[in-house]
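Novice: What follows is each chain in one-letter form.
Protein chains: 2
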Amino acid sequence: MSNHRYPIAGMLAFTQDALVASGVPEADAVIAAKQMIEADITGFDAHGIFRLGMYCNTLKSGRTNPKPNIRTIQRSAATALVDGDDGIGHLVMTYAANLAMELARESGIGWVGARNSNHAGAAGIYAEMPTKQNMVGIYAAVSTANHMAVWGGAEALLGTNPIAIGIPAGKEAPVVLDIATSVASFGTIRQHVLSGERMPDGWIVNSKTGKPVNDPKQVGEGVLLPIGDYKGSGLALIIGLLAGVLNGAAFGRDVIDFTAAGSEKTNTGQFMVAIDVARFLPPEIFAAEMDRHLNDLRSSEKLPGVDAIRLPGQDRRKRRVERTKNGVALPAGIVKQMDELAARLQIKPLGSR
Amino acid sequence: MSNHRYPIAGMLAFTQDALVASGVPEADAVIAAKQMIEADITGFDAHGIFRLGMYCNTLKSGRTNPKPNIRTIQRSAATALVDGDDGIGHLVMTYAANLAMELARESGIGWVGARNSNHAGAAGIYAEMPTKQNMVGIYAAVSTANHMAVWGGAEALLGTNPIAIGIPAGKEAPVVLDIATSVASFGTIRQHVLSGERMPDGWIVNSKTGKPVNDPKQVGEGVLLPIGDYKGSGLALIIGLLAGVLNGAAFGRDVIDFTAAGSEKTNTGQFMVAIDVARFLPPEIFAAEMDRHLNDLRSSEKLPGVDAIRLPGQDRRKRRVERTKNGVALPAGIVKQMDELAARLQIKPLGSR
Numbered sequence: 019m020s021n022h023r024y025p026i027a028g029m030l031a032f033t034q035d036a037l038v039a040s041g042v043p044e045a046d047a048v049i050a051a052k053q054m055i056e057a058d059i060t061g062f063d064a065h066g067i068f069r070l071g072m073y074c075n076t077l078k079s080g081r082t083n084p085k086p087n088i089r090t091i092q093r094s095a096a097t098a099l100v101d102g103d104d105g106i107g108h109l110v111m112t113y114a115a116n117l118a119m120e121l122a123r124e125s126g127i128g129w130v131g132a133r134n135s136n137h138a139g140a141a142g143i144y145a146e147m148p149t150k151q152n153m154v155g156i157y158a159a160v161s162t163a164n165h166m167a168v169w170g171g172a173e174a175l176l177g178t179n180p181i182a183i184g185i186p187a188g189k190e191a192p193v194v195l196d197i198a199t200s201v202a203s204f205g206t207i208r209q210h211v212l213s214g215e216r217m218p219d220g221w222i223v224n225s226k227t228g229k230p231v232n233d234p235k236q237v238g239e240g241v242l243l244p245i246g247d248y249k250g251s252g253l254a255l256i257i258g259l260l261a262g263v264l265n266g267a268a269f270g271r272d273v274i275d276f277t278a279a280g281s282e283k284t285n286t287g288q289f290m291v292a293i294d295v296a297r298f299l300p301p302e303i304f305a306a307e308m309d310r311h312l313n314d315l316r317s318s319e320k321l322p323g324v325d326a327i328r329l330p331g332q333d334r335r336k337r338r339v340e341r342t343k344n345g346v347a348l349p350a351g352i353v354k355q356m357d358e359l360a361a362r363l364q365i366k367p368l369g370s371r
Numbered sequence: 019m020s021n022h023r024y025p026i027a028g029m030l031a032f033t034q035d036a037l038v039a040s041g042v043p044e045a046d047a048v049i050a051a052k053q054m055i056e057a058d059i060t061g062f063d064a065h066g067i068f069r070l071g072m073y074c075n076t077l078k079s080g081r082t083n084p085k086p087n088i089r090t091i092q093r094s095a096a097t098a099l100v101d102g103d104d105g106i107g108h109l110v111m112t113y114a115a116n117l118a119m120e121l122a123r124e125s126g127i128g129w130v131g132a133r134n135s136n137h138a139g140a141a142g143i144y145a146e147m148p149t150k151q152n153m154v155g156i157y158a159a160v161s162t163a164n165h166m167a168v169w170g171g172a173e174a175l176l177g178t179n180p181i182a183i184g185i186p187a188g189k190e191a192p193v194v195l196d197i198a199t200s201v202a203s204f205g206t207i208r209q210h211v212l213s214g215e216r217m218p219d220g221w222i223v224n225s226k227t228g229k230p231v232n233d234p235k236q237v238g239e240g241v242l243l244p245i246g247d248y249k250g251s252g253l254a255l256i257i258g259l260l261a262g263v264l265n266g267a268a269f270g271r272d273v274i275d276f277t278a279a280g281s282e283k284t285n286t287g288q289f290m291v292a293i294d295v296a297r298f299l300p301p302e303i304f305a306a307e308m309d310r311h312l313n314d315l316r317s318s319e320k321l322p323g324v325d326a327i328r329l330p331g332q333d334r335r336k337r338r339v340e341r342t343k344n345g346v347a348l349p350a351g352i353v354k355q356m357d358e359l360a361a362r363l364q365i366k367p368l369g370s371r
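Quick note, the sequences are listed as chains A and B, same order.
Oh and the first sequence: position 9 is 27 in my numbering, straight run, nothing missing.
Oh and the second sequence: position 332 is 350 in my numbering, straight run, nothing missing.
For the record, the hints were derived by calculation from the structure and aren't laboratory data.
One or more hints might be untrue.
A pair counts as met if it fits within one copy or between any two copies, since identical chains are not told apart.
[Unchecked claim] Distance condition first, Cα-Cα at most 27 Å in a straight line; then the derived DSS-like pairs of lysine-lysine:
#: 1; residue 1: Lys336; residue 2: Lys229
#: 2; residue 1: Lys229; residue 2: Lys320
#: 3; residue 1: Lys226; residue 2: Lys320
#: 4; residue 1: Lys235; residue 2: Lys320
#: 5; residue 1: Lys226; residue 2: Lys150
#: 6; residue 1: Lys343; residue 2: Lys189
#: 7; residue 1: Lys366; residue 2: Lys85
#: 8; residue 1: Lys52; residue 2: Lys78
#: 9; residue 1: Lys343; residue 2: Lys52
Just need the whole structure built from these sequences, with the hints factored in.
Specialist: Encoded structure:
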């Protein structure tokens, strides 16, 4: 990690230029760049500018359609099915989130499924959007690669399918929970692969022996373990069925690894839900109750060795304030990647913005 | 466990009579008994007739209202808020589930929250209901007692808040996942308290020392641990906020233990969602795709030592067939409790039905 901090405005402009140079129309590049850098701003570093090279690669290979016609192909008072036309996942899910909020405004709730989408970055970004409109947001996705097995199984037929939920509060930060259904995220495991650091028991199990995989060199010989054994496996399955199968999107044996070579379409599935708080409680009463309860939890007695109780969403808000002001420190490896990307796409390097 | 098996019809009639003798009108007793015994039929033994004594106690104490006026106090095209009037939770959530399906038929999805409800038994019962109408069902509840702390905390301010999801299939059994957000359910822990059997690390942590509690005599000195550390804690929090706070129901410090002495109302909160499959895919295509994927998962390679891959909902269907035919074997302790209940309420004993 170098000491240099990259200003948000520069990261946004760089990302936007990279997307435009990859064939994305200006207006779409603005939206996608905003959602990509939102991950860096809120501290989800493994889902932000870190992935830009990968997104540009899939635009180049044709796996991702740079000029998609994202459209609603079925709609009822409170549900919709969106066809992403193989566009950038961030564009598809921004469209879906906005539509879910529109439906919720009309009907109290909106549930929008998507097919023919792609990797959409950090789940929490979409779950947080409705909280600004006094709505609850729920986002879930079929992972763009299978790293888990069904409970008892040895074959990677399930993703670490993530779910994120955002709930507005009053003075407190909105609650934003953003979790994968595996014990360790694949991003964390990739960091161990890079550093060579041993992994604890309980992250990966060897497919042939059923024994823990601790050596990061042997990651490929095992499957990731779900949280809470059969419970997390069940959650990953449910998310896969609702975000994938229900939308006519890929699941199980049909999943195409987004990052693999080739231009085959992924048909990624996701869903987005918005719920209008006012249909249940007056928003000001809900906000006050949220603040009261969150404060009760945070100020409750701590286990020995715990310095502070952190509620999901709290650090997110802190990081947004801090990084918006001071910019984002990026590891040297990422900076190098961005320099190479700039050279390849013939755009102004990140460092000079 | 005695070898005697109690026929379902007798268990239903006994439960119904016990409720009527506790002041519940006949028509309501029929519905509540059906939902209570549904737990025994599907294998959720800790949530069936096992709890009948407790339900009758709260009807007697006045905590549960035997003649509630369950009504919809807010309604939009796809959402509703139900006031359970402190009635039996099974009645409130059956009402809520039916309303959710009605909304989903109209608007594609229905999300129904409930306040002033009570313990409603096994979560999976309600999640499974919509699957018979080609709908997805989701049920979640604030537990009627707090046994978990927020992540890092030592005070029991969170329930092991359960969630259940039902998804229809074709020839395969519907997927029904029914899980608490704690590693071990409180029912399992209660069994260890009764038997004296030591508990493994990871179930309960001592509130003062942060060390594992293994001796079931010391259950009262600790808090239950969530699945996946902060992830399960976050899920319990989210469920509590959506099923409790959003509905104006109890959460955190406001939760009243349903089984504790006294007649104070619990104001239990739950929610029920139904989603109409046909708004996304033609039901016959969805059913075929579900069957294909479930079959893929079940026939996938197994880890060593695993005899068969079990999908959530599969055993439920098997048990329904087997128990409907052969009845339910009940532990001697339960039979004794039922005999005492019969004597107290002056109804025909379970054994003579």
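Novice: Confirm or reject each hint.
Specialist: To see whether the hints hold, each was checked on the structure:
1. Lys336 - Lys229: neither (40 Å within a copy, 31 Å between copies)
2. Lys229 - Lys320: Between copies only: 13 Å across chains, 35 Å inside a chain, cut-off 27 Å.
3. Lys226 - Lys320: between (41 Å within a copy, 9 Å between copies)
4. Lys235 - Lys320: Between copies, since 23 Å is at most 27 Å while 38 Å is not.
5. Lys226 - Lys150: neither (48 Å within a copy, 39 Å between copies)
6. Lys343 - Lys189: Within one copy only: 21 Å inside, 57 Å across.
7. Lys366 - Lys85: within (23 Å within a copy, 73 Å between copies)
8. Lys52 - Lys78: Close inside one copy (21 Å), not across copies (59 Å); limit 27 Å.
9. Lys343 - Lys52: within (16 Å within a copy, 60 Å between copies)
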